[in-house]
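Listed below, chain by chain, are the residues.
4 protein chains.
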Amino acid sequence: MKYNTNNTSVRLLISCHDQPGIVSAVSTFLHQYKANIVQSDQYSTDPSGGMFFMRIEFEMLDPEFDIKMIRTAFTEIGRSFDMDWRIELASRKKKMAIFVSKEDHCLLELLWRWRAGEIDVDIPLVISNHPDLKDQVESYGIPFIHIPVTKATKQQAEQEAIQKLHEHSIDFIVLARYMQILSPDFVGTFPKRIINIHHSFLPAFIGANPYAKAFERGVKLIGATAHYVTDDLDEGPIIEQDVLRVNHRYTTEKLRVAGRNVERIALARAVAWHINDQIIVHGNKTVVF
Amino acid sequence: MKYNTNNTSVRLLISCHDQPGIVSAVSTFLHQYKANIVQSDQYSTDPSGGMFFMRIEFEMLDPEFDIKMIRTAFTEIGRSFDMDWRIELASRKKKMAIFVSKEDHCLLELLWRWRAGEIDVDIPLVISNHPDLKDQVESYGIPFIHIPVTKATKQQAEQEAIQKLHEHSIDFIVLARYMQILSPDFVGTFPKRIINIHHSFLPAFIGANPYAKAFERGVKLIGATAHYVTDDLDEGPIIEQDVLRVNHRYTTEKLRVAGRNVERIALARAVAWHINDQIIVHGNKTVVF
Amino acid sequence: MKYNTNNTSVRLLISCHDQPGIVSAVSTFLHQYKANIVQSDQYSTDPSGGMFFMRIEFEMLDPEFDIKMIRTAFTEIGRSFDMDWRIELASRKKKMAIFVSKEDHCLLELLWRWRAGEIDVDIPLVISNHPDLKDQVESYGIPFIHIPVTKATKQQAEQEAIQKLHEHSIDFIVLARYMQILSPDFVGTFPKRIINIHHSFLPAFIGANPYAKAFERGVKLIGATAHYVTDDLDEGPIIEQDVLRVNHRYTTEKLRVAGRNVERIALARAVAWHINDQIIVHGNKTVVF
Amino acid sequence: MKYNTNNTSVRLLISCHDQPGIVSAVSTFLHQYKANIVQSDQYSTDPSGGMFFMRIEFEMLDPEFDIKMIRTAFTEIGRSFDMDWRIELASRKKKMAIFVSKEDHCLLELLWRWRAGEIDVDIPLVISNHPDLKDQVESYGIPFIHIPVTKATKQQAEQEAIQKLHEHSIDFIVLARYMQILSPDFVGTFPKRIINIHHSFLPAFIGANPYAKAFERGVKLIGATAHYVTDDLDEGPIIEQDVLRVNHRYTTEKLRVAGRNVERIALARAVAWHINDQIIVHGNKTVVF
Numbered sequence: 001m002k003y004n005t006n007n008t009s010v011r012l013l014i015s016c017h018d019q020p021g022i023v024s025a026v027s028t029f030l031h032q033y034k035a036n037i038v039q040s041d042q043y044s045t046d047p048s049g050g051m052f053f054m055r056i057e058f059e060m061l062d063p064e065f066d067i068k069m070i071r072t073a074f075t076e077i078g079r080s081f082d083m084d085w086r087i088e089l090a091s092r093k094k095k096m097a098i099f100v101s102k103e104d105h106c107l108l109e110l111l112w113r114w115r116a117g118e119i120d121v122d123i124p125l126v127i128s129n130h131p132d133l134k135d136q137v138e139s140y141g142i143p144f145i146h147i148p149v150t151k152a153t154k155q156q157a158e159q160e161a162i163q164k165l166h167e168h169s170i171d172f173i174v175l176a177r178y179m180q181i182l183s184p185d186f187v188g189t190f191p192k193r194i195i196n197i198h199h200s201f202l203p204a205f206i207g208a209n210p211y212a213k214a215f216e217r218g219v220k221l222i223g224a225t226a227h228y229v230t231d232d233l234d235e236g237p238i239i240e241q242d243v244l245r246v247n248h249r250y251t252t253e254k255l256r257v258a259g260r261n262v263e264r265i266a267l268a269r270a271v272a273w274h275i276n277d278q279i280i281v282h283g284n285k286t287v288v289f
Numbered sequence: 001m002k003y004n005t006n007n008t009s010v011r012l013l014i015s016c017h018d019q020p021g022i023v024s025a026v027s028t029f030l031h032q033y034k035a036n037i038v039q040s041d042q043y044s045t046d047p048s049g050g051m052f053f054m055r056i057e058f059e060m061l062d063p064e065f066d067i068k069m070i071r072t073a074f075t076e077i078g079r080s081f082d083m084d085w086r087i088e089l090a091s092r093k094k095k096m097a098i099f100v101s102k103e104d105h106c107l108l109e110l111l112w113r114w115r116a117g118e119i120d121v122d123i124p125l126v127i128s129n130h131p132d133l134k135d136q137v138e139s140y141g142i143p144f145i146h147i148p149v150t151k152a153t154k155q156q157a158e159q160e161a162i163q164k165l166h167e168h169s170i171d172f173i174v175l176a177r178y179m180q181i182l183s184p185d186f187v188g189t190f191p192k193r194i195i196n197i198h199h200s201f202l203p204a205f206i207g208a209n210p211y212a213k214a215f216e217r218g219v220k221l222i223g224a225t226a227h228y229v230t231d232d233l234d235e236g237p238i239i240e241q242d243v244l245r246v247n248h249r250y251t252t253e254k255l256r257v258a259g260r261n262v263e264r265i266a267l268a269r270a271v272a273w274h275i276n277d278q279i280i281v282h283g284n285k286t287v288v289f
Numbered sequence: 001m002k003y004n005t006n007n008t009s010v011r012l013l014i015s016c017h018d019q020p021g022i023v024s025a026v027s028t029f030l031h032q033y034k035a036n037i038v039q040s041d042q043y044s045t046d047p048s049g050g051m052f053f054m055r056i057e058f059e060m061l062d063p064e065f066d067i068k069m070i071r072t073a074f075t076e077i078g079r080s081f082d083m084d085w086r087i088e089l090a091s092r093k094k095k096m097a098i099f100v101s102k103e104d105h106c107l108l109e110l111l112w113r114w115r116a117g118e119i120d121v122d123i124p125l126v127i128s129n130h131p132d133l134k135d136q137v138e139s140y141g142i143p144f145i146h147i148p149v150t151k152a153t154k155q156q157a158e159q160e161a162i163q164k165l166h167e168h169s170i171d172f173i174v175l176a177r178y179m180q181i182l183s184p185d186f187v188g189t190f191p192k193r194i195i196n197i198h199h200s201f202l203p204a205f206i207g208a209n210p211y212a213k214a215f216e217r218g219v220k221l222i223g224a225t226a227h228y229v230t231d232d233l234d235e236g237p238i239i240e241q242d243v244l245r246v247n248h249r250y251t252t253e254k255l256r257v258a259g260r261n262v263e264r265i266a267l268a269r270a271v272a273w274h275i276n277d278q279i280i281v282h283g284n285k286t287v288v289f
Numbered sequence: 001m002k003y004n005t006n007n008t009s010v011r012l013l014i015s016c017h018d019q020p021g022i023v024s025a026v027s028t029f030l031h032q033y034k035a036n037i038v039q040s041d042q043y044s045t046d047p048s049g050g051m052f053f054m055r056i057e058f059e060m061l062d063p064e065f066d067i068k069m070i071r072t073a074f075t076e077i078g079r080s081f082d083m084d085w086r087i088e089l090a091s092r093k094k095k096m097a098i099f100v101s102k103e104d105h106c107l108l109e110l111l112w113r114w115r116a117g118e119i120d121v122d123i124p125l126v127i128s129n130h131p132d133l134k135d136q137v138e139s140y141g142i143p144f145i146h147i148p149v150t151k152a153t154k155q156q157a158e159q160e161a162i163q164k165l166h167e168h169s170i171d172f173i174v175l176a177r178y179m180q181i182l183s184p185d186f187v188g189t190f191p192k193r194i195i196n197i198h199h200s201f202l203p204a205f206i207g208a209n210p211y212a213k214a215f216e217r218g219v220k221l222i223g224a225t226a227h228y229v230t231d232d233l234d235e236g237p238i239i240e241q242d243v244l245r246v247n248h249r250y251t252t253e254k255l256r257v258a259g260r261n262v263e264r265i266a267l268a269r270a271v272a273w274h275i276n277d278q279i280i281v282h283g284n285k286t287v288v289f
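These protein sequence lines are chains A, B, C and D, in that order. Residue 179 in UniProt numbering sits at position 179 of the first sequence, and the numbers go up by one each step. Residue 227 in UniProt numbering sits at position 227 of the second sequence, and the numbers go up by one each step. Residue 73 in UniProt numbering sits at position 73 of the third sequence, and the numbers go up by one each step. Residue 131 in UniProt numbering sits at position 131 of the fourth sequence, and the numbers go up by one each step.
No wet-lab data here; the hints were simulated from the structure. As the structure is a prediction and not an experimental result, all values here were calculated from the model. There's no promise every hint is true.
Because identical chains share one entry, a pair is satisfied inside a single copy or across any pair of copies.
Claimed, not checked - Within a straight-line C-alpha distance of at most 30 Å, the following computed DSSO-like cross-link-like pairs (lysine-lysine) qualify:
1) LYS192 / LYS213
2) LYS134 / LYS102
3) LYS94 / LYS254
4) LYS254 / LYS93
5) LYS213 / LYS285
6) LYS34 / LYS151
7) LYS213 / LYS93
Assemble the whole structure, with the sequences as input and the hints as a guide.
Shown next as structure tokens:
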């Protein structure tokens, strides 16, 4: 499976206050630059005074086109409508760092999909506060960096991680069951660029031990939630959620095992959408096109 | 569709502390009384010191058998294992009362399934704090009783309802979007015999306006929860839950509309299980066989 | 729940061969006519030589706008790109006829959603080859027309039905478990405007008695398929499908009962999409925006 | 996650014609042998003249018990009710062989679950008609045997495989996207002990290229089916099925990629049930307890 990653494939994402003429201006612009629209999605919360969101995937007919030139040219439209916008070259692979602790299921799901060509991304490094998954990560040819974290060394450990992430020009981070809470400093360094998987159907069972809480409450479905990380624990914009049917025969331990499968599927979907520039964050919510 | 409602069809439900010899004693008893087991489900939380739950559906070979005699005969086994047990004749239709306010979707789902023979139950009356659904209910040939509720008259209104329920020998009550909180007195009169449908995936969005809260939080799935009513609002034993996928295009109003379909399906399943004696309540959880 | 049915709300649907400049031409046109795009979806099977599909929902800023004038004005664009297009006023309620035989679940689902305001449509008549559902239909204030069908009278019965449909200016027909095969003549009179619900996950179990076949095969999921009717039985463009988990305890009869719930949900979704002009038929497939 | 694999944990599976006294005889037998029933499931297709199916999980109180002695002792009951029965020690790990071709997703799902302790099984070897997956399999410490298959060498290749399987005392075989049709001879050597994953919702899209056929037909859900292999291609008893929602934006290639996730989940569930002795095959169907 190959996503649309021709060298001429480009994605434009826009959010702004709704107002007349946006689509016309944008599509006329694209037509002028000989872009062929492959797919477009647009949504307004309210045509009078609401928010306007748009994602356009287009092909440049001229294979020698210059993405920077297009960005520069679009700046005027962006300014005139007071847009929050970005233009991304589909063939430019994002650089993704994965953070793990000891559990491997979310990590392996991502690595498998990466090797299978399902997610079109570079993975320059995996960072962990434990050494356990070193061999597995390295067997995929990916550097594994062990940065232990204790209460005393947390700040320093985060600084070390940030430095490594900058060295590798990391675009975004996936917390694949990384059992550490990141500081506001760290989160602020990668705004809307850290994806976490929480092992419950948020906002149910916020915080630690969601499976134990789910067992205690006797729920009939368990879930997982992939979301962007903000300073408020488990409160960031939700990207994807999924659930699995369970029954009275599930102990906490069986919930945990069953839950792994929902976690890895929900996380993998969210990561794929992020990579394909399908997500627009607005306030504490996501628009997924 | 007819469920197994031969005159000779019987259900035995047991919960007790697990201990050796229960199944043997019970099945030997049934064999002595010429009962043919059609279906049985059994589950132990832990064979040493855990709880034992069992549901057996059996046919009496002798069409002239006497259910009271069987109950009397079983009493000794029940006592010797310190069981919480009941023996129900499948052909004895339970009497179900439905409480509604103004929304009709859960009510109509139940009435439709009742008329279609999907749920094998009697519905002697529908009680409402509003007159709006009178015609609809009566078109099904079911008496509709309007008992207005205000802060001042709440206690009196509940007493009136209880009297009506007793007059009709009601076995259990379904709150089909009844927008009133019942008093501990009322709940205590029908322990484990009031089923409510909450319009969220509990424990997410406890209390009022769950769809508004779900919209606010930007969830990607909305749910509904059917549960037995206890004194703790929205905290009773969960019987069934289901969810529906939604996206950024759903306003609070669209969530509400979409949610109706999850509500009525989840409630209808829970009611069918209750009618078929498939549910054992233990602590704040349910075993659904 | 109210769908977007302002008097100024309009939908434009387009399919044509993909070629540069379509979106630009269309959106510039809409901008000129002071239309504010609320939502748009576009998809190309292949930007070079593929098919282009688009649905745009827009609001006319001028409440006195003339839909006919807009259609006329758009004709030139339509011609220049060789489009298959239509412009629909959202507030213009479509006229839907429902055909039934004896089973009421799909019929009632539609009637309930119609009364609840979930589907914004007129239902001028229900036609049946059996008299059984007359009272139910009339209790909703909808005329019920009984047109018996025998092998000998089939052609004549269809002619009678067509005449009634024309008299009421019916836009489209829903076969809500209508157990008759329509002739090519009839189907040809309402091309892409007859929706059927087949009680299986097509193409599995084509033809009669799908639940008996599903039981025989021992499937673990049963399904339902809503599709447009063509001359090839059960082979028309699929609009929506859904499934339900079953197990070895399901007899054919229990499959049938369980299946009803999938049938009515799948059919109701398909009908809502048709009413909201969300479906474009291309060849033997549907694009659902 | 550990399944119930105490040394004292035993499973009894029974199928026979229904007749009075079976459960009583079995549970009295177990009680005599100081077995404590942990879980039991029983189902009769029809109490008069139907089939009776039962699965009991029990713990032997005496840790020194002898499984062979129990089997011998049970023989008499088995004979008197003309049962098809087996008694399995849960702690006895089954030996599973995996057959693959070039696609790794189903293989890796099983290997990952095996290493995570989710499926309690031994995997003495993986056999493939292609060398591609050798390194991956060996990285899990499992021998990889390459047995090329051509039209001319097919019979000989199967004989070689059978010999290897016998050498390793293989209990059952999983075809994890093994793109070869096995001969009746081979299938007859492992009756009800070969599990295949078919990449469609059977019986839809039997045979080759189901995703291409699904694309062609324009289905809105794609599925996967895990089933026991019989001489009739894609016609064996279905163990598990699952589906995934797709839309018009899915090319055949995208269907294939999306489908992988349904395939591996459905196969992994079926394999786990087989390992835990949860499946009884009767005729061309399965009872899954």
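Hints violated by the structure (numbers, ascending): Hints 6 and 7 not satisfied by this model.
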